[in-house]
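There are 4 protein chains.
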Amino acid sequence: MTQNIAILGASGYTGAELVRLIATHPAMRIRALSGDRKAGMAMGEVFPHLGHLDLPALTRIEDIDFSHIDLAFCALPHATSQAVIDALPRDLKVVDLSADFRLRDPAEYEKWYGKPHAAVELQKEAVYGLTEFYRDDIRAARLCAGTGCNAATGQYAVRPLIGAGVIDLDHIILDLKNGVSGAGRSLKENLLHAELSGGTHPYSAGGTHRHLGEFDQEFSKVAGRPVRVVFTPHLAPFNRGILATVYVRGDAQAVHQALQARYALEPFLDVLPFGQLPSTRSVAGSNFVKLGVVGDRVPGVATVVCALDNLCKGSSGQAIQNANLMLGIEETAGLMLAPVFP
Amino acid sequence: MTQNIAILGASGYTGAELVRLIATHPAMRIRALSGDRKAGMAMGEVFPHLGHLDLPALTRIEDIDFSHIDLAFCALPHATSQAVIDALPRDLKVVDLSADFRLRDPAEYEKWYGKPHAAVELQKEAVYGLTEFYRDDIRAARLCAGTGCNAATGQYAVRPLIGAGVIDLDHIILDLKNGVSGAGRSLKENLLHAELSGGTHPYSAGGTHRHLGEFDQEFSKVAGRPVRVVFTPHLAPFNRGILATVYVRGDAQAVHQALQARYALEPFLDVLPFGQLPSTRSVAGSNFVKLGVVGDRVPGVATVVCALDNLCKGSSGQAIQNANLMLGIEETAGLMLAPVFP
Amino acid sequence: MTQNIAILGASGYTGAELVRLIATHPAMRIRALSGDRKAGMAMGEVFPHLGHLDLPALTRIEDIDFSHIDLAFCALPHATSQAVIDALPRDLKVVDLSADFRLRDPAEYEKWYGKPHAAVELQKEAVYGLTEFYRDDIRAARLCAGTGCNAATGQYAVRPLIGAGVIDLDHIILDLKNGVSGAGRSLKENLLHAELSGGTHPYSAGGTHRHLGEFDQEFSKVAGRPVRVVFTPHLAPFNRGILATVYVRGDAQAVHQALQARYALEPFLDVLPFGQLPSTRSVAGSNFVKLGVVGDRVPGVATVVCALDNLCKGSSGQAIQNANLMLGIEETAGLMLAPVFP
Amino acid sequence: MTQNIAILGASGYTGAELVRLIATHPAMRIRALSGDRKAGMAMGEVFPHLGHLDLPALTRIEDIDFSHIDLAFCALPHATSQAVIDALPRDLKVVDLSADFRLRDPAEYEKWYGKPHAAVELQKEAVYGLTEFYRDDIRAARLCAGTGCNAATGQYAVRPLIGAGVIDLDHIILDLKNGVSGAGRSLKENLLHAELSGGTHPYSAGGTHRHLGEFDQEFSKVAGRPVRVVFTPHLAPFNRGILATVYVRGDAQAVHQALQARYALEPFLDVLPFGQLPSTRSVAGSNFVKLGVVGDRVPGVATVVCALDNLCKGSSGQAIQNANLMLGIEETAGLMLAPVFP
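Chains as they are written, first to last, in this note's numbering: chain H, 1 to 342; chain C, 1 to 342; chain F, 1 to 342; chain S, 1 to 342.
Hint data in this document are derived by calculation from the structure and do not stem from the laboratory. Some clues are possibly wrong.
Pair ranges (Cβ atoms, derived) [said to hold, decoys possible]: (1) 186(H) to 26(F): 40 to 46 Å; (2) 189(H) to 68(C): 54 to 60 Å; (3) 42(S) to 116(F): 52 to 58 Å.
Chain F is faced by these chain S residues, among others (derived, beta-carbon under 8 Å) [what the hints assert, rightly or not]: (4) 13; (5) 23; (6) 48; (7) 50; (8) 78; (9) 80; (10) 181; (11) 184; (12) 270; (13) 275; (14) 288; (15) 337.
Note that CB positions come from ideal geometry on N, CA and C, so glycine has one too.
Make a model of the complete structure from these sequences and hints.
Below, the structure written as C-alpha cells:
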C-alpha cells in the first residue's frame, strides 16, 4: 500500500535528497512539498535535477491538508522545526531531520543550541533515530528525531566499542573529514567554490561542535557513566561523505570483533576485514556505511575509520529508513541504490 | 521473468556502471562477470562501492558458460571487442559498448580506427544503438552497437534539426565539455588529479576525434547528403557529464520546436522552455538528457545545448535501455533513478 | 624609485591579487587599502593568505590621504567605480579594474550596463587597457580602464586576425570555459562548491554578456566596419583560468602566422607551434597568455585557442602591467612570476 | 653573485617546483637539468607552465659537467638518489629531496625502506634539512637531506612542545590531510581524477608510513628518550597542502606559548592567536607555515593544527632555503612569493 508523504522544507539539500530517494521508493508517494520562501515554484525550478518527476508544487506549510498524509518529513532549519511540528496534527507521523528533538535533556538542548526548547513535551516523546540502535522504539514512534550526520558517523564507529567494553573511555578522539554538502545550501563565503576547493581546514574545534551533545548523551548512556570525547571536524573539497578517523585505546582485534559482532546482521553496515580501511567514495550516493579497523605499531592503540554519505545515511536515507519502520514497510525499501562512482 | 546477464569487461567504468544500474533493475540478474587481468577477484575488490552486492567473481571470458545467459554486455576496449564477440555463440544477444560496430562502412571503420575490421559480417548485422532513433531495429536486433558518448550528445542536439530541415548543414559547430570518466580508468599522466583538476584544455581538435565517424555516418544519412560538422571536445575537472554547446544557423524558435516535437514522447529526453539552457549537474548519475535552445543577437544564429551523463545515458544506461528492448522488458526498467545532486 | 600605491576595493579577489603581485614587485609599495564594509580590519583577516605581509589596515576611501599616492588601483564593483574615481584628485594616476571606463560611446555603456554613465568626461579621457594594443596610449594615460577578462581572452585570439584580414568577419564564434574566480567573492547560490563542483553550464548565452560591448567596440574599430561575434561563456569547476575556443573561417596557417607575427616581441604572449593547443593550467597564477591554432578537416575552418589567468593577466596582472607603463617602470616588473602547477 | 645550479630529476613535481621558484630567485641560475627518461626534451614539453623560461634542455646525469655547478638539487626517487649522489664530485654541494639521507641510523633506514643503505659514509655526513632546527649545521653542510613533507608538517607542530616539556610524550596523535601532489606524478590508479576527486581516505595507517622514521629519530632526540607517535595520513582532493591536526595532552596555553616563543623570529612560520586555526589555502604556493592552537573542553587536551604547502615548504621551498644557507645567500631569497588564492 502506498503511503502518502509530505516533505516540509523541501528546498534544501536534505529535502532534495528525500525527493531523490522517494522517486524510486516502491511504497511512498510525495503528496505535498513545502518551502516557504519558494512557495509557488515547481521543485524542478529549485532543483533542476528533479525536474523529470511528477511532483506537487512547493507550498507554504499552512496550505497543506495533512488529513491525507501518512507521514511528514521535516527538513527545516534547527529551531524552526520544533514550532512547526508542534503545530502539526498530533496523530501525524513525523520524521524530523533537524537537531530539535535529538537531545532528551532540555538543559542539554539549551546548552548546545543557546535557547530554551519551545516544545518540551514533544521532545520527551521523540525517539532518537539511530536506526540500528533504536529500531524497536522507532517502529513504535510517532515522532522520530534524525541524528546529526557527524553524530551518526561517530556513533557507528564507537558505540559498539563502548557497549563491548573494549576501549578506554577517557581516550576517544574523533577526527572527521566532511564533504561540503553537510553545510547545506547556505550562502556563506567559506562555502564558495573559489574559497573551498583548493584545500582543507578544521572548524568548530576544541569541543564546541553541537553534535557533541549527541555524543555525550548516547555514549554516556551506553557506558553508564559520563563520556566526553574529543571531536574535530574538517571541511574538505568534495560534496558527499564523512570520514571519521577514530583513535581509541584498546586491543585492535577486540575492537574489530566488537564491530563485526554488532553489525553482522545489519543490511547497511559493512565491517571490512581487519586491517582494511574504507573511503567515502565507496558509499557516496547510498545508504551504506563502511567501517574498518587497524592496529597501531604503538601497542594498545587502534584506529577505527567509518565512512558514510552525510546526505543519505547521515540524514535523508536514515530518515526514510526510520519512516519505513514507522509505516510498517520493509526497512530497506527504496534504499538499496548502489553508490555512484566515479 | 528475470533475464540472466553477463558483463564482459567489468573492471572498467562502464562495466561498473552497468553493475550499478542492474543492482536495482527489476528484471535482470548478473550471472557472469569477466575481467581478464583481474580474473579471480571479487567485484568489491575492483570497485569497493559495489562490495555490498552479491555478485559472481570476475572470471576469464573463456570460463563463462553462455548457455545460461540471455544477454551479454560487452564493455571491452575498442578492437578487442570484435574478436570477443565473434567468438561468442551466435544466438546470444549482445550489447556492445565499444566502438567496434558503430560504423556500417568498413572503410570508414578503417579510416577512423586505423586497421581493417576483423568481423565484417557481424558489423553488417549490428544495429546502431541510439535508442530514440533506432528503437524498432534495436528491438529486433541480436547485436546492438552502443554509440560514442560524444556522438550521442551531439546527435541528440542536432539530429532532429537536420531531419526537420531547419538549419544550414554547412555551419554546424559542436563544442563539447567532457567530464573525465569518459577517458576511462586508464593510467595516463594527463588524467591524474594533480594534472587535471586545476583547469581545462581541448583535445582531438581539428576534426580528428573518432566520434566524427559516427556524426558523419548518421548526419549524412538523415540529410541525404554528406554533412561534415566541426567538433572539439574539452576535458574539464568533473567526473560525470558531457555538455555540448552547438552553434547552428537557422531560426532559433524553429530549432526549439523541432527538438520539442521530436522528443515530446521520449521518457528520457527533456527539452527546456525556449531560452533556458541545461547544466550537466541536472543529469549526472541518471539516464536523462536535457536540451535547451537560445537565439543569438546575431540574426539567424541559434545555440543548442545538450547535457547528459557520459557513463549512464552516454554508454551504460543507453546499453541497458537497448537491452530492455531486445529482451522484451519495459524500456525504462531500472533506469528511472533520479540524478544525484549535489 | 619606489612608487606609492593605493588599492581601492581591496577586499575582493582582484584586490587580493593586486596585493599578491605587488608583494614581490620591486618598485611598488602599498600605502593605502580601502574596503568600505571591512574598514578597520587587517588585510590578513580578510585574506589570510596575505597575513604575512606588512600592510596598512583597510580604511574607508574618504580616509585616505592621496597626496602621498602615485597611483591608485580601483578594484570596486561596476557603477561604483565611476563615482569614486570622479571624486579623486584629478592629477592622481588611476588604473580602474571595473567596467566603467571600457566603452568609449556613452550610448553603448548605457545599453550594456543599463543606466547612463555618471562621469562622461572621465570616460572620454580613459584609455582602454589591452596593453599590447594600446601601449603608447597607456604610457601617456592618467586613467586606464582595465578590460573585461573574457574580452581580453577573446581579443588576444581574434584581434590580430581581423587586423591581418585573414578571417571572415561574419563567422566568428567564441566559446569560453571560465574558472569560477571570475565571478568574484559574491554570495550567489550557483557559486557554492556543492552547486558548482560537479559539472558545467553555459551562462549569459545568446549575445547577452556585457563583455560583448568591448568585442563590438574593439573588433569594429580594427575592422573598420561593424563586427558582431557570437560569444558564450561556460562556468567550469576550477578557480583560475579562461580558455577561449574560437571558431573562425580562414586559412589556418595564415591565422597562425598572423598571431605569431603580432606577438613575436610580446613578453607575455606565447604562440605555440602550429597544431598545438594550450591548457589553462599552463598559465594559472601568472601573467602569461598561451595561444594555439589548429586547422580543421573541414576546409577553411580554423580553431584558435587562447588561455590566460582571469585574475592575473585578465585583470590584476594586466592592471599592474599598465601601471608599470604609466609610472615609467619596466613593463614586466613584478610580473615574471612563473605559473603555479600543479 | 649568481650561483650555478643543477637539478637532477627535474621531470617530477618537486623538480618543477624548484624550477618555478628559481625562475624568480635573485641569485640562482639553472645551468643543468636532468631527467633520464625525458633526456633531450625541453622543460616546456615536460611542464608547459615552465615553457616561458630560458632553460637548458633535459639531459642525462652523466652528460652534465659539474665543474661549473655550485650546487645540485637532487629530486630523484628514493633509493636512486644515494647511488647518484655517491657518484657526484665530493666537493659539490648537494641538497637531496629524497628520503635517502634523512635517517642517521642505517638500521632505521633499512627498517623503513626495506634494504641496506648503499652509501653509509654519505649518510653520516648528511645534515637533516629542517631549517629552523638545524640552521647552523646546514650552513656548514656539503650534503643536506630534505625532510619528508609529512615529517616537516608534524615536526613544526610538535617539536617545540617536546622541547619545552609541555606535553605528555605518550599521547601524541597526528592526523594529516594531504593534497595529492605529494604522491608525485606517478601513474597509479588511485591518483586518477575520477578515482580521487569525489572523497577522501586514509592510507599507510597503523604506524606504517615511512615518515615515522623521521618522527622517531627527531622527537626521541629532542626528548632524550624514545617517543613513538600515532600518525595517519589521508588523501583529499586538492593539489597542494598538508594540514596536520595534532592531538596532545598538556595545557593549551602553554602549548601555544611554546610555539610562539620558538617561532617568534622565524621568517616563514606564523603562529596564529590562541584559538585560531589555519587552512592550507592560506599557504598554498608559498614557503610559509601557519600554526594554531585551541584548547579542548576536555581538560588537559589541546589541538595543534599546522598547515604548509607540501611541494614548497614541504620539499622544494625548504630545499632552496637550505641551499641559500649553504651558498651564503640571504636565507629568504626567492622564497617570499605570496601564497596563491583562490
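For each hint, the structure was consulted:
Under the hint 40 to 46 Å, the C-beta atoms of residue 186(H) and residue 26(F), about 43 Å apart, fit the expected range. Taking 54 to 60 Å as the suggested C-beta distance range, the pair residue 189(H) and residue 68(C) conforms, at roughly 59 Å. Restraint check, residue 42(S) to residue 116(F): a C-beta distance of roughly 54 Å satisfies the suggested window 52 to 58 Å. The beta carbon of residue 13(S) is positioned within 8 Å of a beta carbon in chain F (closest approach about 7 Å), and the interface hint is therefore held.
Contact between residue 23(S) and chain F, as hinted, is supported at the beta carbon level, the nearest pair being about 4 Å apart and thus within 8 Å. This hint holds: residue 48(S) has a C-beta 4 Å from the nearest C-beta of chain F, less than the 8 Å allowed. Hint on residue 50(S) holds. Least Cβ distance to chain F is approximately 6 Å, under the 8 Å limit. About 21 Å separates the beta-carbon of residue 78(S) from the nearest beta-carbon of chain F, more than 8 Å, and the hint is not met.
With a cut of 8 Å, the hint placing residue 80(S) at the interface with chain F is violated, because the nearest CB-to-CB distance is about 22 Å. A least Cβ separation of about 5 Å between residue 181(S) and chain F falls short of the 8 Å threshold, and the interface hint therefore holds. The interface hint given for residue 184(S) is broken, as the beta carbon of that residue sits about 10 Å from the closest beta carbon of chain F, more than 8 Å. Satisfaction of the interface hint for residue 270(S) is found here, the shortest Cβ-Cβ separation to chain F being roughly 6 Å, below the 8 Å cut-off.
Annotation: interface hint on residue 275(S) violated; nearest CB of chain F at approximately 14 Å, more than 8 Å. Hint status for residue 288(S): holds, given a least beta-carbon distance of 6 Å to chain F, under 8 Å. Interface hint at residue 337(S): satisfied, since its Cβ lies 6 Å from the closest Cβ of chain F, which is below the 8 Å cut-off.
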